[in-house]
Amino acid sequence: MKDLGTIRVEHHYSQSPARVWRALTEPSLVARWWAPGDIRAEVGHRFEMDMGPWGKQPCEVLTVEPERLFRYRFAEPTLNTIITWELALEGTGTRLILTHEGFDLDSPLGQRAFTGMKPGWPGILAKIATVLDE
Amino acid sequence: MFAALANPIRREILTHLRRGPRKAGDLAGRFDLGRPAVSEHLQVLRKARLVREEPRGRERYYHLDPRPLAQVEKWLAAFARYWQERLGDLQQLLDEEDSK
Numbered sequence: 001m002k003d004l005g006t007i008r009v010e011h012h013y014s015q016s017p018a019r020v021w022r023a024l025t026e027p028s029l030v031a032r033w034w035a036p037g038d039i040r041a042e043v044g045h046r047f048e049m050d051m052g053p054w055g056k057q058p059c060e061v062l063t064v065e066p067e068r069l070f071r072y073r074f075a076e077p078t079l080n081t082i083i084t085w086e087l088a089l090e091g092t093g094t095r096l097i098l099t100h101e102g103f104d105l106d107s108p109l110g111q112r113a114f115t116g117m118k119p120g121w122p123g124i125l126a127k128i129a130t131v132l133d134e
Numbered sequence: 001m002f003a004a005l006a007n008p009i010r011r012e013i014l015t016h017l018r019r020g021p022r023k024a025g026d027l028a029g030r031f032d033l034g035r036p037a038v039s040e041h042l043q044v045l046r047k048a049r050l051v052r053e054e055p056r057g058r059e060r061y062y063h064l065d066p067r068p069l070a071q072v073e074k075w076l077a078a079f080a081r082y083w084q085e086r087l088g089d090l091q092q093l094l095d096e097e098d099s100k
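Protein chains in written order, with the numbering used here: chain A, 1 to 134; chain B, 1 to 100.
Source of the hints: derived by calculation from the structure; they are not laboratory data. All figures in this text were calculated on a predicted structure; none of them were measured in a lab. Quick reminder that beta carbons are idealized off the backbone N, C-alpha and C, glycines included. One or more hints might be untrue.
[As the list claims (entries may be wrong)] Ranges between beta-carbon positions, derived for each pair:
{"#": "1", "chain 1": "B", "residue 1": "R52", "chain 2": "A", "residue 2": "G91", "range": "51 to 57 angstroms"}
{"#": "2", "chain 1": "A", "residue 1": "P53", "chain 2": "B", "residue 2": "P55", "range": "20 to 26 angstroms"}
{"#": "3", "chain 1": "A", "residue 1": "G102", "chain 2": "B", "residue 2": "D32", "range": "30 to 36 angstroms"}
{"#": "4", "chain 1": "B", "residue 1": "R46", "chain 2": "A", "residue 2": "E60", "range": "45 to 51 angstroms"}
{"#": "5", "chain 1": "B", "residue 1": "P55", "chain 2": "A", "residue 2": "E42", "range": "56 to 62 angstroms"}
{"#": "6", "chain 1": "A", "residue 1": "K56", "chain 2": "B", "residue 2": "A3", "range": "27 to 33 angstroms"}
{"#": "7", "chain 1": "A", "residue 1": "A88", "chain 2": "B", "residue 2": "K74", "range": "40 to 46 angstroms"}
{"#": "8", "chain 1": "B", "residue 1": "Q84", "chain 2": "A", "residue 2": "E65", "range": "22 to 28 angstroms"}
{"#": "9", "chain 1": "B", "residue 1": "A24", "chain 2": "A", "residue 2": "L89", "range": "51 to 57 angstroms"}
Okay, chain B solo, but in the shape it has when bound (with noise of 0.2 angstroms):
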């Protein structure tokens, strides 16, 4: 997942798709890139689950699916928190050190 947001063109696409569901060929024209080239980068982006598509009549659309960025930023900052607690138990055991 973080390989599919790691490309700034993926991050354009799904910034764009915020705005609400898109055709790929909507797309295509937009950032200037060829349909097979933007196909590619929806399926990176579908395959990460960070899209999804929706296929209506003869045309496909793009919308963007906001939950595992959630999930990834709950993971993250678990962690973030978890650091803040150990550093600060550090400082703890710096002080005890320095009291003996």
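One chain only, chain A, in its complex shape (with noise of 0.2 angstroms):
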């Protein structure tokens, strides 16, 4: 129960760290895979992702280690959680690993997974990826 609140993903790509690193933090980049928005590897940098039917989500970047890691803050009125992206040499490729850390239900998204009003968290996503595959 240590790692509450948590979400904690890993994929190995054959890319190198480097290519990773543009894909996480170029603008056009970033919205072929995840969503568009203004994002920047600059500490202080304050951005919006848009979430599509969830919304513009604002985002201040952290901490920047260029083709290590990259960290911000996630969107602090709804969700208020924090992303670090974590990247490291895995042979001739890159291991990226994915922390989402930050979850609490007493969040205006947290009171709405918990009290189950409509909509909740999964169909949400269900519709940004929906849009996300257009």
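Mind assembling these two chains? They're in different frames, but the hints should get you there.
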């Protein structure tokens, strides 16, 4: 129960950390696998990610270590979580570790998840996935 | 709710309540804590809706309510699934860029 409120997802890519880093930090690339937004690898940079039906989510960059670590506050008014991307060379490719932490049932989205108020998270996520798949 | 669960004594209390309802006094004996300390932990758990109180005569029994935990797990699982899919999309993007 130690890591409550934290999600950790890993993936191996055959591309180099430099390539993966670009895909995580350049808006034109980020828009193609996640969402549009004026993201930039610069500490203190404030930006918005357009999460489709869920709305534009304000973010703020907290840590930048090129090709190693990218960390930002995500969706402060609704979810108030922190997303961390860690990159490590693995063979000739990259091990990417995503940590999404700070989930709190007292946040507005958490409250909705808890009370089962519509639309709940899975519904919203399905919608986002649909939008992104188009 | 995560704050309620962050405390190791509160987690132990929940584990203990899994076996069945308990009186506050029994819990205090079990954890070698004063009654006020145990009451305080129980109040935190009650506010987080993880525990409910049942008066029986002059005693109060505490029950575990597992529903919020299941709800949280469902909520987090939805996010985990969402990210798995995004990381898959990222793979596709990188492969597309390779073939350019």
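Status of the hints after comparison with the structure:
1. R52(B) to G91(A): 51 to 57 angstroms: holds, 53 angstroms
2. P53(A) to P55(B): 20 to 26 angstroms: About 46 angstroms separates the Cβ atoms of P53(A) and P55(B), which means 20 to 26 angstroms is violated.
3. G102(A) to D32(B): 30 to 36 angstroms: holds, 33 angstroms
4. R46(B) to E60(A): 45 to 51 angstroms: For R46(B) and E60(A) the Cβ distance comes to about 35 angstroms; the hint is violated.
5. P55(B) to E42(A): 56 to 62 angstroms: holds, 58 angstroms
6. K56(A) to A3(B): 27 to 33 angstroms: holds, 28 angstroms
7. A88(A) to K74(B): 40 to 46 angstroms: violated, 31 angstroms
8. Q84(B) to E65(A): 22 to 28 angstroms: With a Cβ separation near 25 angstroms, Q84(B) and E65(A) satisfy 22 to 28 angstroms, so the hint holds.
9. A24(B) to L89(A): 51 to 57 angstroms: holds, 55 angstroms
Violated hints for the displayed structure, listed by number in ascending order: 2, 4, 7.
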